[in-house]
Amino acid sequence: MTLTLILEQTFNGLQAGVTLFLVAAGLTLILGIMDFVFLAHGAQVMIGAYAAAAITQATGNFFIGLGLAIPITFASGYLLELLIIRHLYRRDHMEQVLATFGLILFFNEAIRISFGPAALYSDLPPSLSGFVEILPETPYPAYRLGVIVVGLVCALAIHLFVSKTRIGAMVRAGANNPEMTAALGINIKILFRLIFATGACLAGVAGMMLGPLTSVQPGMGEPLLILSLVVIIIGGIGSVRGAFIAAIIVGLVDTLGRVFLPSILRLFFEQATADGAGPALASMLVYILMAVVLIFRPTGLFPAKG
Amino acid sequence: MTGTFHFAGLVLAGIRDNRMLWMLIAGFALFPLFTHIADLPFWNDVAMRIMLLGMAAMGLNLVLGYGGMVSFGHAAFMGIGAYCVGISQFFGLSNGLLHIVLSIGVCGLLGLVIGYLALRTTGIYFIMITLAFAQMLFFLFVSLEQFGGDDGMSIDRADFLIIDLYEPLRLYFLIWVALALVALALMFIVRSRFGVTLRAIKSNESRIEAMGLVPLHFKMTSYVISAVICGLAGTLFASWQEYVSPDIMHWTRSGELMIIIILGGLGTLAGPLLGAIVFLLLEEFLPVALGTVAPAYAENWMILFGPLLIMVVLFGRGGLIGLLDRVVFNRIFKRKLAVK
Chain X
1 MTLTLILEQT
11 FNGLQAGVTL
21 FLVAAGLTLI
31 LGIMDFVFLA
41 HGAQVMIGAY
51 AAAAITQATG
61 NFFIGLGLAI
71 PITFASGYLL
81 ELLIIRHLYR
91 RDHMEQVLAT
101 FGLILFFNEA
111 IRISFGPAAL
121 YSDLPPSLSG
131 FVEILPETPY
141 PAYRLGVIVV
151 GLVCALAIHL
161 FVSKTRIGAM
171 VRAGANNPEM
181 TAALGINIKI
191 LFRLIFATGA
201 CLAGVAGMML
211 GPLTSVQPGM
221 GEPLLILSLV
231 VIIIGGIGSV
241 RGAFIAAIIV
251 GLVDTLGRVF
261 LPSILRLFFE
271 QATADGAGPA
281 LASMLVYILM
291 AVVLIFRPTG
301 LFPAKG
Chain E
1 MTGTFHFAGL
11 VLAGIRDNRM
21 LWMLIAGFAL
31 FPLFTHIADL
41 PFWNDVAMRI
51 MLLGMAAMGL
61 NLVLGYGGMV
71 SFGHAAFMGI
81 GAYCVGISQF
91 FGLSNGLLHI
101 VLSIGVCGLL
111 GLVIGYLALR
121 TTGIYFIMIT
131 LAFAQMLFFL
141 FVSLEQFGGD
151 DGMSIDRADF
161 LIIDLYEPLR
171 LYFLIWVALA
181 LVALALMFIV
191 RSRFGVTLRA
201 IKSNESRIEA
211 MGLVPLHFKM
221 TSYVISAVIC
231 GLAGTLFASW
241 QEYVSPDIMH
251 WTRSGELMII
261 IILGGLGTLA
271 GPLLGAIVFL
281 LLEEFLPVAL
291 GTVAPAYAEN
301 WMILFGPLLI
311 MVVLFGRGGL
321 IGLLDRVVFN
331 RIFKRKLAVK
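Protein chains in written order, with this note's numbering: chain X, 1 to 306; chain E, 1 to 340.
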């Protein structure tokens, strides 16, 4: 029973981790290469989730929803960069915080006007709503397993893209030293726009996959945004590898902490103290983790610049 | 020659900034008279909110505007200040002075610890670590069930011995006095050697280090002072709202404080207060304005406010103070330069 629970929660943690990675992968490059504080990345998650949920409801087919939502999020990221973001690269961090904060307000309200304040629910197709036995007599929801697989495939694809392709080399060079990269004749403007759109698309994929698991509502991306910022800081700004490792760590720590910390505390403290402190400590755990990492390694675990 | 003019401009700008600040504060003192004559008691409430958020923004501005440290977690100190009231009352301590002393102590200590840890980092990392600490405190209070958790706790207005805050305008003038004291303190801090050094660190930290000073000490001190001011604003906010919940320290409030500062004018004394006035008036009037054009969408005023913010960042250098400077002052000043 306990082993089953631990296994199940570890998988849930992995699922949270890979979803976080999808949000963080693009954002770490936006922060690292463009030195741009982009807070509206959560809105991309929301746009992805809404696009997928709305199209699924309209067509009745979950996979059409997913398929069409991907180009939509890519286009939204591309247009956003073209219209607003590129004018903000040279501004200081605080102005970027403000402008992208304005974007958050705008997107949340736009979604609220077009879809109403209530949450959208999308049902899973029957082919994905079953259970898979990950170990004998240990069933696990097929959809969550699917999310993990998709997340890992995306992570592998991003890794291969960044480390093996020519554009990937440009991205790495950009993260390390953008001025020098531009001086070498690489069109850094186009590179920025593509990274931005791809990042938006990845965040959108995270949103689409989360749709059936959580409620699709205005502002749904913000908790994810804050957590993915934590991931990026722990992993080191601009490092995709760091983001992956940190995302898995944060996903596992957060999920397992919430489930097991109260019972672990109960071993050392009285019942009442443990029940009071457990949830509080569990929800602070990832931020404590981040603070500890920053105290010992102020530029994260795998800094890209150096 | 231009150098002299530039310097004279700076001095005059400083004097104008001070004058503007005290004009605003005097305006707040006279405002209840206006609401009494015009019979608009609701607006006293708005004015109190403006003063409280303006006070917090003035505190943050010391770090943000004068020190150049982009702290994205100052709402947490407001929250701590507010919970100092809530938790004290939970244990039966209703003395308002005690709340204020407690809030100053706790926020100062917390500012010291968070400042010490966060100031090891710079740039984006600093923004994020301050945000992380604020989130940490936010979730701490969300999960503290005995103090209301997510739902918060309703509280009574604090008890200030002879002053009964439930009588009309008592709270208004308590907040006003606090605002005036904070303004006075900040005016002296900014003018002092400490304030000058802080601004020098903002523009060139290594040069200050080479002069034999330790920038970290100055940064930490300013961080603690701003934390205490935000805490004080939060303490009074709790009495004003008669209610405290983790919402007060939500990360969007830290963003709001930043918006107020940028809107008014970064690194000026009057800017944050001016920004608070404009921000909260927009909050009051945008729904009304939107409601007259499109009644169905009055609640969705943020759809206008978001792009407005982006416009301010893109086109409004120096905030409202800067705008006033450019429009009113510089035109006259440039004419003088041209004559020379």
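Just so you know, not all the hints are guaranteed correct.
[To be verified] Listed below are the simulated SDA-like cross-link pairs for lysine to any residue, each with C-alpha atoms no more than 20 Å apart in a straight line:
1. Lys-189(X) to Val-259(X)
2. Lys-202(E) to Val-288(E)
3. Lys-202(E) to Asp-92(X)
4. Lys-189(X) to Pro-303(X)
5. Lys-202(E) to Leu-181(E)
6. Lys-202(E) to Lys-189(X)
7. Lys-202(E) to Arg-86(X)
8. Lys-202(E) to Lys-164(X)
9. Lys-164(X) to Ser-129(X)
10. Lys-202(E) to Ala-178(E)
11. Lys-189(X) to Asn-177(X)
12. Lys-202(E) to Ser-192(E)
I should point out that these hints are in silico values taken from the structure, not numbers from a laboratory.
Verification of the hints:
The straight-line distance between the Cα atoms of Lys-189(X) and Val-259(X) is roughly 45 Å, outside the 20 Å bound, and the hint therefore fails. With a C-alpha separation of about 41 Å, the suggested pairing of Lys-202(E) with Val-288(E) is violated against the 20 Å cut-off. In summary, the hint linking Lys-202(E) to Asp-92(X) is supported, as the alpha carbons are separated by about 13 Å, within the 20 Å threshold. Only pairs whose Cα atoms come within 20 Å are accepted, and Lys-189(X) paired with Pro-303(X) is rejected, the gap being roughly 23 Å.
Of the pairs offered as hints, the one joining Lys-202(E) and Leu-181(E) is violated, with about 26 Å between alpha carbons and a cut-off of 20 Å exceeded. For the hint pairing Lys-202(E) with Lys-189(X), the CA-to-CA distance comes to about 30 Å; that exceeds 20 Å, so the pair is violated. Between the alpha carbons of Lys-202(E) and Arg-86(X) the distance comes to roughly 26 Å, so the proposed pair goes past 20 Å and is violated. A hinted pair counts as satisfied when its Cα atoms are at most 20 Å apart, and Lys-202(E) with Lys-164(X) does not qualify at roughly 42 Å.
In summary, the hint linking Lys-164(X) to Ser-129(X) is not supported, as the alpha carbons are separated by about 36 Å, beyond the 20 Å threshold. A C-alpha spacing of about 28 Å is found between Lys-202(E) and Ala-178(E), which places the hinted pair above 20 Å, so the restraint is violated. Distance check on the hinted pair: Lys-189(X) and Asn-177(X) sit about 14 Å apart at the alpha-carbon level, within 20 Å; holds. Simply put, Lys-202(E) and Ser-192(E) have alpha-carbon atoms about 16 Å apart, close enough for the 20 Å limit, and the pair holds.
Checked against the numbered hints given earlier, the structure breaks hints 1, 2, 4, 5, 6, 7, 8, 9 and 10 and satisfies all the rest.
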